[in-house]
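Number of protein chains: 6
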Amino acid sequence: MKIVYVLPGPISRNEQGRLEMERRLEILRSYAAPATIVDIVDVEEGPASIESLYEEYLSIPSTVDLMLEMERKGYDAAILGCYGDPGLDAIREVTEKMVVVGPGEAGVMAAAMCGYRFSIITVTNSIVNPLHHLVEKAGVGKKLASVRAIETPVLELANDREGTIRKLVEEGRKAITEDRADTLVLGCMSMGFLNVAEEMTKQLGVPVINPGKISLKMAEALVGAGISHSKVAYLTPPKLSLGKVNSSAGLLVRKESSTSS
Amino acid sequence: MKIVYVLPGPISRNEQGRLEMERRLEILRSYAAPATIVDIVDVEEGPASIESLYEEYLSIPSTVDLMLEMERKGYDAAILGCYGDPGLDAIREVTEKMVVVGPGEAGVMAAAMCGYRFSIITVTNSIVNPLHHLVEKAGVGKKLASVRAIETPVLELANDREGTIRKLVEEGRKAITEDRADTLVLGCMSMGFLNVAEEMTKQLGVPVINPGKISLKMAEALVGAGISHSKVAYLTPPKLSLGKVNSSAGLLVRKESSTSS
Amino acid sequence: MKIVYVLPGPISRNEQGRLEMERRLEILRSYAAPATIVDIVDVEEGPASIESLYEEYLSIPSTVDLMLEMERKGYDAAILGCYGDPGLDAIREVTEKMVVVGPGEAGVMAAAMCGYRFSIITVTNSIVNPLHHLVEKAGVGKKLASVRAIETPVLELANDREGTIRKLVEEGRKAITEDRADTLVLGCMSMGFLNVAEEMTKQLGVPVINPGKISLKMAEALVGAGISHSKVAYLTPPKLSLGKVNSSAGLLVRKESSTSS
Amino acid sequence: MKIVYVLPGPISRNEQGRLEMERRLEILRSYAAPATIVDIVDVEEGPASIESLYEEYLSIPSTVDLMLEMERKGYDAAILGCYGDPGLDAIREVTEKMVVVGPGEAGVMAAAMCGYRFSIITVTNSIVNPLHHLVEKAGVGKKLASVRAIETPVLELANDREGTIRKLVEEGRKAITEDRADTLVLGCMSMGFLNVAEEMTKQLGVPVINPGKISLKMAEALVGAGISHSKVAYLTPPKLSLGKVNSSAGLLVRKESSTSS
Amino acid sequence: MKIVYVLPGPISRNEQGRLEMERRLEILRSYAAPATIVDIVDVEEGPASIESLYEEYLSIPSTVDLMLEMERKGYDAAILGCYGDPGLDAIREVTEKMVVVGPGEAGVMAAAMCGYRFSIITVTNSIVNPLHHLVEKAGVGKKLASVRAIETPVLELANDREGTIRKLVEEGRKAITEDRADTLVLGCMSMGFLNVAEEMTKQLGVPVINPGKISLKMAEALVGAGISHSKVAYLTPPKLSLGKVNSSAGLLVRKESSTSS
Amino acid sequence: MKIVYVLPGPISRNEQGRLEMERRLEILRSYAAPATIVDIVDVEEGPASIESLYEEYLSIPSTVDLMLEMERKGYDAAILGCYGDPGLDAIREVTEKMVVVGPGEAGVMAAAMCGYRFSIITVTNSIVNPLHHLVEKAGVGKKLASVRAIETPVLELANDREGTIRKLVEEGRKAITEDRADTLVLGCMSMGFLNVAEEMTKQLGVPVINPGKISLKMAEALVGAGISHSKVAYLTPPKLSLGKVNSSAGLLVRKESSTSS
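Protein chains in written order, with our numbering: chain A, 239 to 499; chain B, 239 to 499; chain C, 239 to 499; chain D, 239 to 499; chain E, 239 to 499; chain F, 239 to 499.
Keep in mind the hints are simulated off the structure, nothing from the lab. The beta-carbon is built from N, C-alpha and C at its ideal position, and this holds for glycine as well. It is possible that part of the hints are untrue.
[Unchecked claim] So the derived label-pair ranges between C-beta atoms look like this:
hint, chain 1, residue 1, chain 2, residue 2, range
1, D, Ala487, C, Glu253, 51 to 59 Å
2, C, Gly312, B, Glu416, 36 to 44 Å
3, B, Ser268, D, Ala487, 51 to 59 Å
4, D, Glu282, B, Asn363, 57 to 65 Å
5, E, Pro272, D, Lys335, 19 to 27 Å
6, B, Glu416, D, Lys440, 25 to 33 Å
7, C, Ala273, D, Ala487, 39 to 47 Å
8, B, Gly443, A, Asn484, 44 to 52 Å
[What the hints assert, rightly or not] Keeping only pairs whose Cα atoms sit at most 30 Å apart, straight-line, the calculated BS3-like set for lysine-lysine is:
hint, chain 1, residue 1, chain 2, residue 2
9, C, Lys380, A, Lys380
10, E, Lys412, D, Lys335
11, B, Lys469, C, Lys335
12, F, Lys440, A, Lys240
13, E, Lys335, D, Lys335
14, E, Lys440, D, Lys380
15, F, Lys493, E, Lys335
16, C, Lys405, C, Lys380
17, D, Lys412, F, Lys380
18, A, Lys335, F, Lys380
19, D, Lys311, D, Lys469
20, C, Lys440, C, Lys380
21, B, Lys440, C, Lys311
22, A, Lys412, C, Lys412
23, B, Lys380, C, Lys335
24, A, Lys469, F, Lys405
Use the sequences and the hints to build the structure in full.
Printed below as a string of structure tokens:
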């Protein structure tokens with residue numbers, strides 16, 4: 239089974255980013271089952287990090303292109319590397335068979351199987367309302383206790399790992415005592431790769447879902463079960479299915495073609 | 239009061255598109271109150287028409303840029319020219335005061351004020367599920383009777399106007415008798431500019447909402463009432479509010495800058 | 239376009255009431271678009287103010303009569319002058335084409351278009367549960383954060399305008415911080431005519447909907463869009479549509495006719 | 239235990255109406271437990287029958303007055319004699335301890351205890367949407383399968399009893415097979431007094447709730463259990479609780495007082 | 239009318255238990271209407287008290303057997319003596335006509351008829367989530383304000399009656415002020431037989447439902463109204479209805495039969 | 239990783255049952271990842287098959303005992319071998335760390351990740367309403383399109399495999415065309431072991447979830463992710479956590495101990 243982790247931000251441009259990609263790949267491989275091959279790629283163009291719906295949308299065009307390339311390369315599953323699942327539905331519209339895992343969806347589904355009510359602990363308030371909608375769209379809104387933010391930007395999470403954990407535990411505790419949550423989900427992929435879930439579970443006594451880890455395991459599970467997204471749900475764009483354009487790329491009328499017209 | 243209609247597809251490239259823009263502008267101006275100035279613009283890059291979520295996402299980056307330009311130019315309100323409201327929330331994140339009307343949202347709100355249950359009649363099945371989500375997000379899912387499609391591509395709606403009306407009336411009648419709808423909404427802007435709502439009302443005996451018309455009137459209403467979107471709801475992306483980038487454009491790390499690094 | 243504001247309480251009986259009506263008319267005219275003619279009328283019989291469902295019901299019979307008269311007089315729209323929308327559905331049952339705007343419905347619809355979650359700030363606790371039901375009936379219950387009361391009777395709101403604003407800001411702040419509201423609605427028409435929404439927005443940083451202002455603008459919008467309530471939703475009472483009585487008034491078997499029988 | 243059945247229409251004006259009242263009283267007494275005393279009264283003014291929200295509202299002012307009189311007379315419970323429960327909440331606002339049973343509420347609560355999904359079979363389409371709201375307000379909307387009408391006016395139900403039963407069985411069967419109902423409720427008091435529920439149960443094999451009968455038994459149950467409506471839910475109108483008016487009647491500013499001012 | 243109270247725990251084994259059964263029987267008889275005969279029975283095997291779903295399930299097999307025996311003995315109604323309604327649906331599957339009252343269901347239905355929002359005050363946190371599900375299943379989840387526990391085991395409730403009342407009043411007050419409840423339900427049958435509801439109502443000013451009392455009155459009401467559970471809702475197990483086994487007992491393949499095979 | 243499949247019915251008593259267990263074990267092992275060890279066990283006492291809630295409850299006591307034994311034996315996960323998930327919550331109350339997978343829960347979660355709306359196709363009508371509740375409890379009721387039954391008893395599914403497939407395809411097609419489902423779930427474990435999902439997918443063009451296969455893959459995923467049920471959600475029964483009884487078995491007061499007392 240071949241799984242690829244697709245980063246919707248162009249982080250491989252500098253050395254630091256390339257090291258981070260290698261670090262994440264190693265972590266993902268440590269999660270994988272023996273027969274699972276894991277790779278990692280990033281887009282050429284996109285936001286530096288995602289803390290708003292605008293940045294989510296900025297990431298989608300390049301990510302869809304890269305996802306299509308991954309399907310052509312024969313990957314069985316791809317993980318969309320942002321907790322907000324930007325463009326998950328569009329990727330499913332244009333791909334055919336490759337399993338596409340959204341960490342947001344996978345994370346809350348796992349949380350829903352662990353208890354009666356879960357809370358998401360995320361980075362900034364700017365993403366709290368969008369995450370409420372993500373949960374509604376995933377279909378498990380009835381089990382959502384709350385979405386809470388630690389008000390720390392994505393790119394600063396790792397600067398003070400201890401401070402980050404302290405804030406995560408603090409908001410997690412409020413979720414349990416004030417919002418009646420019994421299960422927590424880390425609502426940001428960079429939080430996932432900090433490897434803090436186990437520490438939080440120890441301090442809080444509830445399951446804490448690491449979105450990176452659960453995404454890999456859900457990808458393995460769905461591929462293993464032989465199921466993928468329904469093409470009756472995520473219909474191929476009509477211009478493609480009717481043959482009016484040759485490829486997904488053909489759906490965009492680009493600026494430069496304007497000059498040539 | 240100055241209102242601009244923003245087309246999320248690059249239709250002004252050829253003569254036919256420029257004529258269609260002029261035609262739409264004239265219609266919009268015929269809807270407007272005496273003191274309202276209406277203009278129309280289109281993006282430089284985007285999909286030819288929108289019949290899938292993927293095409294919605296493709297339209298967003300250029301549309302947000304254009305919306306920001308319209309706010310700088312002093313427009314009081316802008317209408318997002320696609321019924322699916324692509325990027326409506328992102329536009330509200332980056333704009334400050336300009337009223338931004340999504341025809342999907344405006345249309346279903348008006349429908350909800352007309353009766354107990356409404357149905358949306360749209361172009362193709364590929365957009366039926368996304369429209370269900372649009373209604374949920376708008377907050378009036380409780381009043382939605384159904385979303386039905388006439389299975390005619392956007393770009394072919396006007397080719398056979400009589401045939402299109404016949405199909406619209408047919409699906410509208412099913413919505414009333416089978417789904418218990420008492421109000422209808424045309425779920426596509428190109429349907430709106432066909433001027434078929436009155437004809438449908440005559441044949442079906444229920445209000446039929448023209449999304450273009452209602453968007454203009456809602457824009458006038460909200461500007462007139464002095465209210466716009468809440469910046470506590472649609473928070474400015476943190477990198478912007480914290481001054482880490484200078485402008486919305488700075489949120490995208492572009493491909494070409496890669497070569498220079 | 240002709241719009242009439244219909245007061246469901248008999249306030250024109252004394253000088254003070256007549257002055258208040260004139261004051262409100264002037265305010266409404268200041269909201270109106272250039273081509274809009276606004277008038278104001280009150281019922282001959284009804285409650286002094288409305289702070290309970292019982293008082294709502296007491297206002298309905300006379301108000302429906304007056305609304306029918308207004309439709310006969312050729313008004314394009316009427317605004318029902320109480321935030322609780324008493325008898326809105328009944329008025330729609332007996333009128334044919336006149337747009338009938340309920341400020342409760344119009345207010346929460348506008349609020350729903352401004353953000354993710356809104357709160358209503360109203361006068362007394364006695365009306366809090368009924369306003370929850372109004373929002374459910376309007377169809378936007380999913381976006382309701384809370385209904386809060388300042389515990390000040392309607393007729394005393396204007397006695398201490400500064401004190402009223404202070405209480406409104408206080409409850410509004412609680413709505414934002416404790417109930418996660420991002421938009422506020424003033425849940426009482428007398429609050430609307432105090433002209434406090436702008437002051438509240440300045441202090442709280444969120445849109446505050448003035449129900450009087452939004453009702454007028456929504457009336458203009460719906461008339462301008464050429465739509466009114468669905469007669470398939472609000473069916474004419476069968477005794478009227480079947481011709482068993484000649485007029486709405488004929489639906490009530492009055493006490494005095496008893497003596498004559 | 240003393241229970242009174244309050245008719246919200248003035249039917250005792252003629253002989254036929256008085257005989258019908260006696261007939262209903264006899265039926266109600268046949269339902270009652272040994273120690274229960276049952277009486278019947280009607281209002282002096284109100285609609286001839288109730289088939290619209292407008293007629294519901296017309297019935298409320300006189301009915302509330304009569305209910306207050308019944309509480310003063312020492313009745314333990316009163317049954318509001320219309321399935322739509324017109325003014326039920328207002329009656330609870332102004333009464334103190336008397337149990338007030340709404341047949342709509344009582345009927346759907348009993349239905350909810352009989353199965354997973356119930357349907358209401360009522361008289362005319364004009365009351366179908368209002369009954370949906372009644373069920374939502376009662377709190378058991380989740381169990382509602384459908385509301386169906388036999389399209390027969392209230393006052394004609396008894397003219398062709400066999401025809402009425404035939405239509406009731408027909409719609410009931412559709413509710414079971416098409417809407418997946420397992421329990422039925424007769425959505426009109428006049429249907430209740432036709433004594434058709436047993437016949438329907440025999441033909442359809444599901445419980446059929448007679449709203450008159452269940453109202454009487456629920457009245458006995460609540461009085462017997464020593465509970466009544468919560469005055470924290472149905473607050474006394476502030477003008478009354480603060481002593482600004484002396485009685486409920488004082489809440490209405492009547493037309494005639496206008497002439498004297 | 240003959241009603242039996244069925245204890246799902248084997249409490250008659252010792253003198254103390256037998257005295258408690260007699261005490262409860264006397265209380266139930268004091269609630270009953272003149273013509274109602276009340277009896278009490280307990281199972282031979284089951285949990286000592288019920289504070290978890292596991293204990294609920296342990297009680298079901300013996301309780302179903304005993305319920306079937308009660309139906310054969312001609313009882314018109316049976317009350318399932320545990321607030322969690324363990325096995326209520328299964329009992330309805332195998333019985334034919336006997337009314338089976340679940341105190342959980344009966345209690346929340348009565349609460350729903352008293353106000354807008356109710357809270358359940360129960361014994362231990364271990365049963366809080368299950369009671370949320372009970373309310374959802376009963377169909378009145380929309381009216382649930384909260385479920386709160388006093389954290390006192392069932393078997394210790396009566397040891398310190400004053401202390402228990404103090405805790406009940408304390409949690410009840412929080413339900414009213416923090417959760418906006420206007421009606422309370424005692425979520426445990428042993429609480430019901432402590433006779434504390436009246437005392438709580440006096441201190442808190444809201445209706446407090448005693449589940450034992452309301453169960454008896456609802457049993458009388460449903461038997462009196464001639465309705466019972468729908469056999470279209472609670473279908474007889476197919477092996478029974480198709481004659482593949484002779485009796486409910488035949489549905490269990492017992493361990494001892496294993497040794498004989 | 240060690241996973242055990244726990245059959246809640248005593249099928250190993252005769253040769254045919256033992257062969258069926260071996261067959262199922264082989265199938266489960268064919269699903270498993272390389273490093274996963276799979277075993278199968280059955281209870282000593284329980285129903286022959288499960289087609290009613292009563293039979294679900296009959297299966298629980300022995301199944302909980304066996305699950306506890308499996309946890310003591312060191313299994314990482316156990317699969318509850320009935321689609322209705324009988325006693326899933328109780329098993330989680332008494333176990334500590336072992337992942338317990340309910341096929342009902344696992345199946346609908348996977349379905350929810352494949353599309354917008356799913357339908358369950360199950361054996362008999364007697365289990366349709368309970369499956370609606372299972373989905374609500376799992377938290378994904380919003381995505382449920384319908385539950386349909388082929389009206390074939392569990393024990394006869396395999397007698398006519400072709401006939402069973404025909405009926406499954408027929409109901410599946412109705413779910414897609416009439417109920418707007420885009421994904422199907424087989425709502426019975428015996429259906430799962432017929433290996434018909436692939437055939438159905440070929441004929442219907444939508445994902446069809448095999449509950450046995452997905453349960454195994456979800457078990458691997460959750461164990462691999464290091465998460466299990468929250469003990470704050472599924473609290474240990476108080477008598478156990480407070481040390482009042484020594485073991486889960488001690489929670490049942492058995493019949494035989496009665497004779498010895």
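Verification of the supplied hints:
no., hint, result
1, D:Ala487 x C:Glu253: 51 to 59 Å, "violated, 26 Å"
2, C:Gly312 x B:Glu416: 36 to 44 Å, "holds, 37 Å"
3, B:Ser268 x D:Ala487: 51 to 59 Å, "holds, 54 Å"
4, D:Glu282 x B:Asn363: 57 to 65 Å, "holds, 59 Å"
5, E:Pro272 x D:Lys335: 19 to 27 Å, "holds, 23 Å"
6, B:Glu416 x D:Lys440: 25 to 33 Å, "holds, 31 Å"
7, C:Ala273 x D:Ala487: 39 to 47 Å, "holds, 45 Å"
8, B:Gly443 x A:Asn484: 44 to 52 Å, "holds, 45 Å"
9, C:Lys380 x A:Lys380, "holds, 12 Å"
10, E:Lys412 x D:Lys335, "holds, 24 Å"
11, B:Lys469 x C:Lys335, "violated, 38 Å"
12, F:Lys440 x A:Lys240, "holds, 24 Å"
13, E:Lys335 x D:Lys335, "violated, 35 Å"
14, E:Lys440 x D:Lys380, "violated, 34 Å"
15, F:Lys493 x E:Lys335, "holds, 29 Å"
16, C:Lys405 x C:Lys380, "holds, 26 Å"
17, D:Lys412 x F:Lys380, "holds, 25 Å"
18, A:Lys335 x F:Lys380, "holds, 25 Å"
19, D:Lys311 x D:Lys469, "holds, 20 Å"
20, C:Lys440 x C:Lys380, "holds, 27 Å"
21, B:Lys440 x C:Lys311, "holds, 24 Å"
22, A:Lys412 x C:Lys412, "holds, 19 Å"
23, B:Lys380 x C:Lys335, "holds, 25 Å"
24, A:Lys469 x F:Lys405, "holds, 23 Å"
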